Amino acid sequence: MGLLSDPNRRRALTNLLTRLNTPLCIVCYLAGVAWFMGLAFEPFTLRTYMSENAMGSTMVEERFLAGERALVTAREFAAQKKKMGGMPVDWLVKAMQARGLEVFTQSFSRTLPFPDENKERYMVHGTNVYGILRAPRAPRTEALVLSAPCTPGSSNNQAVGLLLGLAQYFRGQMYWAKDIIFLVNEHDLIGMQAWLEGYHHTNTTGMSWTPLEGRGGSIQAALSLELSSDIITSLDLVLEGLNGQLPNLDLANLFYAFCQKIGVLCTIQGKLQRNDWDSAAGYSQAVQTMLLMVLKQASGRPWGDHGLFLRYHIEAASIRGINSFRQYKTDLTTVGKLLEGMFRKLNNLLERLHQSYFFYLLPSLSRFVSIGYYMPAFGLLAAILLLLVGMREPFGPGVLSVLTPLIISHLTGVALYTLPIMAQQTAVEHFPVSETEAVVLTAIAIYTAGLALPHNTHRVLSGEGTEEGWRVLKLIAIFYMAVLLGCTALINFSLGFILALTLVPVAAFITPHVPRVLSALVMVLLSPGSTLLFSIFVYQELQEAPITLLEGWNLFLSVISQGILDHNLYGSLVYPLISLLVYPCWLLLWNILFWK
Amino acid sequence: MTAGRCTAALLAAVLVCGLTCASTAAAEEAITEEYESISNANEHVQAQDDYARSQKRREITEHDDDQNEPPPSSSSSSSSSSSSSSSPPSKDYFKEELVIRPLSSGDIYASFQFQTRWDTDFFAPGKKVSHYRLFPKSLGQLMSKFSVREMHVSFTQGYWRTMQWGQPFLPAPPGAELWVWFQDSVADVDGAWKELTNVLSGIFCASLNFIDSTNTVEPTASFKPLGVGNVTHQRFLRYAVLPREIVCTENLTPWKKLLPCGSKAGLAVLMKSEKLFHSSFLSLAVHIRPVCQDWGCKGTAWELRQTVNVVFDLHTTGQGKREWSFFKMFSRTLTEACPLATSSKVYIDVTDNPQGELFELNPAAPSLTQAVVLGDRRTYAVYDLMASGTFGLLRSLNVLLRWKTPGNFSTQVDMLRPLLHGERYVAGYGLQTGEIHTLIYNNHPYRAFPVLLLDIVPWYLRLYIHTLTVTSKSRENKPSYIHYQPSKDRLRPHLLEMLIQLPPNSVTEVTVQFERALLKWTEYTPDPNHGFYVGSSVISALVPSVVAMDTIFPESSYFVRVYTEPLLVNLPTPDFSMPYNVICLTCTVVAVGYGSLYNLLTRTFQVEEPSPGVVKRLANMIRYLRGVPLL
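So the protein lines, in turn, are chains A and B. Under our numbering, think of the first position of the first sequence as 1, with each following residue one higher. Under our numbering, think of the first position of the second sequence as 597, with each following residue one higher.
Hints in this document: simulated from the structure, not taken from any laboratory. The structure presented is a predicted model; accordingly, all values stated were derived computationally and were not measured. Where is the CB? At the ideal position from N, CA and C, for every residue including glycine. Hints may contain errors.
[Said to hold, decoys possible] Under the rule of at most 25 Å between Cα atoms (straight-line distance), these lysine to any residue pairs were calculated in the SDA-like manner:
no.: 1; chain 1: A; residue 1: K94; chain 2: B; residue 2: W761
no.: 2; chain 1: B; residue 1: K1074; chain 2: B; residue 2: L1064
no.: 3; chain 1: B; residue 1: K871; chain 2: A; residue 2: W176
no.: 4; chain 1: B; residue 1: K1069; chain 2: A; residue 2: W209
no.: 5; chain 1: B; residue 1: K1116; chain 2: A; residue 2: E351
no.: 6; chain 1: B; residue 1: K924; chain 2: A; residue 2: W176
no.: 7; chain 1: A; residue 1: K94; chain 2: B; residue 2: P1014
no.: 8; chain 1: B; residue 1: K1116; chain 2: B; residue 2: T1182
no.: 9; chain 1: B; residue 1: K924; chain 2: A; residue 2: G172
no.: 10; chain 1: B; residue 1: K1084; chain 2: B; residue 2: T1063
no.: 11; chain 1: B; residue 1: K871; chain 2: A; residue 2: A177
no.: 12; chain 1: A; residue 1: K94; chain 2: B; residue 2: L1012
no.: 13; chain 1: A; residue 1: K119; chain 2: A; residue 2: M207
no.: 14; chain 1: B; residue 1: K868; chain 2: A; residue 2: G172
no.: 15; chain 1: A; residue 1: K337; chain 2: A; residue 2: E68
no.: 16; chain 1: B; residue 1: K924; chain 2: A; residue 2: R137
no.: 17; chain 1: B; residue 1: K871; chain 2: A; residue 2: R344
no.: 18; chain 1: B; residue 1: K1069; chain 2: A; residue 2: N203
no.: 19; chain 1: B; residue 1: K871; chain 2: B; residue 2: N958
[Claimed, not checked] Output of the computed footprint for chain B on chain A, the stretches with three or more beta carbons under 8 Å from beta carbons of chain B:
no.: 20; stretch: 136-146
no.: 21; stretch: 213-219
no.: 22; stretch: 308-315
no.: 23; stretch: 349-363
Work the whole structure out from these sequences, hints included.
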């Protein structure tokens, strides 16, 4: 601090910063990106370890043997499902009752704001069936949840079969200290949302459901099971939940520990861990896994039925059985043993899972990057914004002149947020499109129209766009962006980092004096919408399912509609964040480019 | 409104009447007092009318309620007087019984009751009771030292599942419950209560010493004395629940030591702890109350009732076979009655099995008896352990229940619909606010009846009492009586008592919002992330009897107390796992960051003149002394 309190030295420092501003910014940016890419390099990451003592030292002995019987139940369930043409509620109720559970049902209905073309649903009616295994040792204060979605078609029957098999086995045990809730939810996330809202008696999304009649106290942890084949080759763990929330890392550790113990291949993001970290292929595998996690987290959508639990501070994960062409096969008994072990460990918990990290990235299941390691990557990008602010001269009058661009860009944002759904009827009447297309195309239209808006209205107030005017506007835009990205990164690092990666360069180079056409092109390419488009291509590339440009465009449209739906159905905050804050911020920079 | 108030008075009166043994004096006092507290003076005429009606009802409920406990107590008073007439002046006797009821869910409910009665007066002036025979000395001394009039303590593991098991003989909330009526001669009730809880904590090896002012309340209407006496002001009542208390063998052992025969002989032989705790529900209780010595009620006697209620789970312990015997349940058989007992009997509920078509008993019961329990007429098979023929040739009694329907439990019955039951849960998410929902079900097809709801909420959940709503059938249901005592931080809990009329065949929902307090960092428990418990709420009611549906007793009803589940609520919790890091980081940030930034922002900087030479300084000093301006 002596450096700053000494005016001479302070002046020298300021001079240095001003003189070297551009190189410093570039160095910061490159260092940020390099740091981020380095996170996946194994020597830089930490090995995962079980922090929770209650789950650590005592390995339980698994005795579940009824995998074959679970398969029989699964077939029976499949037959019933086919017969009913949907969820066989009565059969499930009887099946759960026969296994000695207290069984309850909940029916729900929800009309989507516009038809969901991916899942082909608009007016959704469904029923959740759940059975509670009452713990003999506890007075209904705590519970664990095992859920399996009942999906149309032939998928996921094995999950329901295994769930019932486990219910029967668990019912015969004496050691339960937490009630165990076995839930079969219809219409995947919508049913889960209805059940969770009913359980906690809240209504955040305007869904209608019948109140629940049986409860088990505060839910400590939840696992969602997805199995679609009789034998599997590996189990995939899905962690990313609503708004990029993640469950406590101990839940992932628990899964990994039991996979190791029982000898099941386990993956995350569908990627198997490689042992050769020092080879290029090993490193690339780790980077791909981590990038996939970053992209999924940034999307802010729940990537499995577990994703909605996280809002209620319930640690949850989805376990997905994968049947590929690998040699090594695992039967349902083994999966049942794995779940038995996990539930027994969770049953031992004395407190909620809280010992381990809530903010992390996983380059593989056995390695993690904690918040302390990944935040500097974002910090280096955010430092650019601070450097840019330091360069500005203190400004005097003319603040008023930037008020109109601010208001106009935010009004555009509000239009982008509200109009697509409000105007869908009108759009459908006037254009030959479906409702879903209408919503998405309206959104894109408003987004594009925002670029053409009369941004130079400030001249009405101050006569003419002054040199000082755009400097003030840029200063405000940079401050705005710094606060916005900083807050986003704290809540959802991935989203904040991806946005910073594209928006910070724009903020750095933009002035009214740069070549206009070229800059405009670059700006559009770095706008939030294009970022989404690139992310889709990168995601597909990482999934090893590359797509053509046209497919990419179609996917882009469907992703936008999914984003709007996620917001309306589950309360995901990414769409409002982009439309109400990020996009207007970007428009401010666009405004500077066309400052006259 | 007046009607509501009268119901309140009436109900309270009937609660008192139904529960006292025979004292009209107590009942009268209670009625008038309740009446005064609830209704106005100018409704006096109507109240007298009520009073007359409640008197009439009292006679009926008394008849009913004597059988509220397991059946034999109905015949207790008559048989006891004859059998123990030959004992010395301060006579005492001991009775033991075991009631087994196969529940409709397939579980087995076993209820032990050991009753010791002693015709003595602990509080007779100038006479110190020092010679104890059957009555445990530790409890007797406790009674006289703290001038206790009535004491009820229970320790419970698990939760009584009303929907599957029906009503228990003696309800108890999960954890430990203690309520005590003191004599009106006690001046410092709080002091006596504190000492008493500490002594009891020692006697039962339980954490009753954690009872302090923050979890003790004085309910106005829900807990009336069950014995004779003339004090009914809640000033002398203390009630506390410890929902977190874990019941274990260390509680059972001292409990068994209070019995005259210990666990050496009699029914207590069956109480092997490894079996008792391998169950779905276990409740130990001790109840002491003053009762009348005879029908004329010339003198008082002390009654000590020790009970164990246990539910065994067929699924987990029966290995899928629906067959039960003493040996399977308790891994012991009965060989003799307690030699000190005047009566020792085993009752098995065979109501659902009148002709022996569902299950059979082996050995066959020597006799059957009928009794009205909890408003329902039940038939019991009786094994009298005092009779020599009971034990047979093997000198042991191992009653075996064998179901005739073969196989396992695939034919699960639907859940019961008990006339009254309650549920409770916390709604909402996040760590700032929440809402407590209490659901009370009245499943009677056509009768409405009032219930008393007692809610005790710790101070760290700050209730917003203005958000209290009571709705039945989606319409507001105005309680006719509300007693609310707000909490004081770190001193006392919230107490909420309400009298609510339940419409027939309805669900009544009581909701109240709360805010979660941020505790001081030393106030957190060692496991703060587990959550904090809120004890069960208590629903007390006179429920129309099932027998009454047969129109034999058109007015009759019986007393039921239902406990809801306790709640586990998370409070905002600091991260205790790295306090050192946090403290260091915070201090550093504050000291270095804030300090110097503040310094930079508030100080004015100017370039310092280079320091003057020695000559100039000397010259200035001289000028200063001379008083001329400096250079």
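Each hint, compared with the structure:
Distance restraint check for A/K94 and B/W761: the Cα-Cα separation of roughly 20 Å lies within the 25 Å cut-off, and the hinted pair is therefore satisfied. For the given pair, B/K1074 sits about 11 Å from B/L1064 by alpha-carbon distance, which is consistent with the 25 Å threshold. Distance check on the hinted pair: B/K871 and A/W176 sit about 16 Å apart at the alpha-carbon level, within 25 Å; holds. Taken as a hint, the B/K1069 and A/W209 pair is honoured in the structure, with Cα atoms around 17 Å apart against an allowance of 25 Å.
For the suggested pair B/K1116 and A/E351, the alpha carbons sit about 20 Å apart, so the restraint of at most 25 Å is met. The hinted pair formed by B/K924 and A/W176 meets the criterion: a straight-line CA distance of about 22 Å does not exceed 25 Å. Between A/K94 and B/P1014 the CA atoms are separated by roughly 22 Å; this keeps the pair inside 25 Å, and the hint holds. Of the supplied pair hints, the one linking B/K1116 and B/T1182 holds, its CA atoms being roughly 18 Å apart against a limit of 25 Å.
Restraint check for B/K924 and A/G172: the C-alpha separation of about 17 Å stays at or below 25 Å, so the hint holds. Distance check on the hinted pair: B/K1084 and B/T1063 sit about 19 Å apart at the alpha-carbon level, within 25 Å; holds. A threshold of 25 Å between alpha carbons decides the hint, and for B/K871 with A/A177 the separation of about 17 Å falls inside it, so the pair holds. Among the hinted pairs, A/K94 with B/L1012 is consistent with the structure: their alpha-carbon atoms are about 16 Å apart, no more than 25 Å.
A hinted pair counts as satisfied when its Cα atoms are at most 25 Å apart, and A/K119 with A/M207 qualifies at roughly 18 Å. For the given pair, B/K868 sits about 22 Å from A/G172 by alpha-carbon distance, which is consistent with the 25 Å threshold. Annotation: proposed proximity of A/K337 to A/E68 holds, straight-line Cα distance about 13 Å (limit 25 Å). Of the pairs offered as hints, the one joining B/K924 and A/R137 holds, with about 20 Å between alpha carbons and a cut-off of 25 Å not exceeded.
Pair hint B/K871 plus A/R344 holds up; C-alpha atoms about 22 Å apart against a cutoff of 25 Å. Between B/K1069 and A/N203, the direct Cα distance comes to roughly 20 Å. Compliance with the 25 Å bound is thereby established for this hinted pair. Note on B/K871 and B/N958: the hinted pairing holds, with a Cα-Cα distance of about 22 Å set against a maximum of 25 Å. Remark: the stretch 136-146 of chain A is confirmed as covered by chain B, as 7 of its residues place a Cβ nearer than 8 Å to a Cβ of that chain, reaching the required three.
Beta-carbon proximity to chain B at under 8 Å applies to 3 residues in the stretch 213-219 of chain A; the threshold of 3 is reached and the given coverage holds. Residues of the stretch 308-315 of chain A with a Cβ under 8 Å from some Cβ of chain B number 3, which satisfies the need for three, so the listed coverage holds. A stretch counts as covered by a chain when three or more of its residues have a beta carbon under 8 Å from one of that chain; for the stretch 349-363 of chain A and chain B the count is 5, and the coverage holds.
Hint compliance for this structure: no hint is broken.
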